[in-house]
Amino acid sequence: MESTLESVNKAEEMADQIATQAGFDEDVRGGLTMAVREAMVNAVLHGNAYDPDKRVNLSFEQNGRELIITVGDEGKGLEPAEVPDPLAPENLMKQSGRGIFLIRAFMDEVRFRKLEPGTEITLIKRIPGTELDRQEAST
Amino acid sequence: MSMKASTRQVDGVTIVDLSGRITLGEGSVVLRDTIKDVLGKGDKKILLNLGDVSYIDSSGIGELVSAFTSVQRQGGDLKLLHLTKKVHDLLQITKLYTVFDVQEDEANAIKSFTK
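These protein sequence lines are chains G and A, in that order.
Mapping of the first sequence onto my numbering: residues 75 to 213, in sequence order.
Mapping of the second sequence onto my numbering: residues 13 to 127, in sequence order.
Next comes chain G alone, as it looks inside the complex (with noise of 0.2 Å):
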């Protein structure tokens, strides 16, 4: 995909589209949208800096248990680690800084992973319903 609002806007809609069909509810759709879309926003914006020479990959899969998203960019890379925390009480009033710690707070699981060169990030939610669901709900 170009580096671009549009296919930010884009990848939402592909998200949504996608996870209704794999089942998750309003709510969760909501947020599983949302963390695709803030994982754009940093490919586009922070990695690749809307170079259009620059690439990002999405990608889609169902297993049956999980929705797996990826998000690839060409960027200059990004190491988690080194994200501030935008609660702590001197970031709480920053402009911005909330991307990566929303998409925690609504997928499952987030992996980072480093391109040569680029960054990684794939998004993991359980479906509902399935054994990998049951199993964390019980825990």
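These aren't lab readings, by the way, just hints derived from the structure by calculation.
Check each hint, because a few of them may be wrong.
To give an idea of the interface, some chain G residues facing chain A are shown, with a C-beta separation under 8 Å as derived from the structure [claimed, not checked]:
id : residue
1  : M108
2  : Q169
3  : R172
4  : G203
Residues of chain A clear of chain G, computed beta-carbon distances all greater than 10 Å [claimed, not checked]:
id : residue
5  : G24
6  : G37
7  : G74
8  : E75
9  : D89
10 : K107
11 : D113
Using N, Cα and C, we set each Cβ at its ideal position, and we do this for glycine too.
Starting from the known structure of chain G, fit chain A onto it as the hints suggest.
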């Protein structure tokens, strides 16, 4: 759906009625420009009506925070009105709910500015 903003005056309070999505790009810019215009006119009591705002992303949250601090820096006051559940939950998650003065009734909100 892109964001729309319109302003009206009630008892010295500028009410900004917002509708649509406050997201990176157009929505955030509309909000920023509207607050800038209102402050430029010298109006410092601002009530943001978010009743018809269907969606806010992290950029939109940042824009709300920025609007709040801009108004405060000029000695004014910015309050939020009619949060949808989605926006309410988002402000709770980000610990901003207690930072903003959130109002549920327009008439009471207007009165609260004069206290």
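Status of the hints after comparison with the structure:
no.	hint	verdict
1	M108	6 Å, holds
2	Q169	4 Å, holds
3	R172	4 Å, holds
4	G203	23 Å, violated
5	G24	26 Å, holds
6	G37	5 Å, violated
7	G74	4 Å, violated
8	E75	7 Å, violated
9	D89	16 Å, holds
10	K107	5 Å, violated
11	D113	15 Å, holds
In terms of the numbered hints stated before, the structure departs from hints 4, 6, 7, 8 and 10, listed from lowest to highest.
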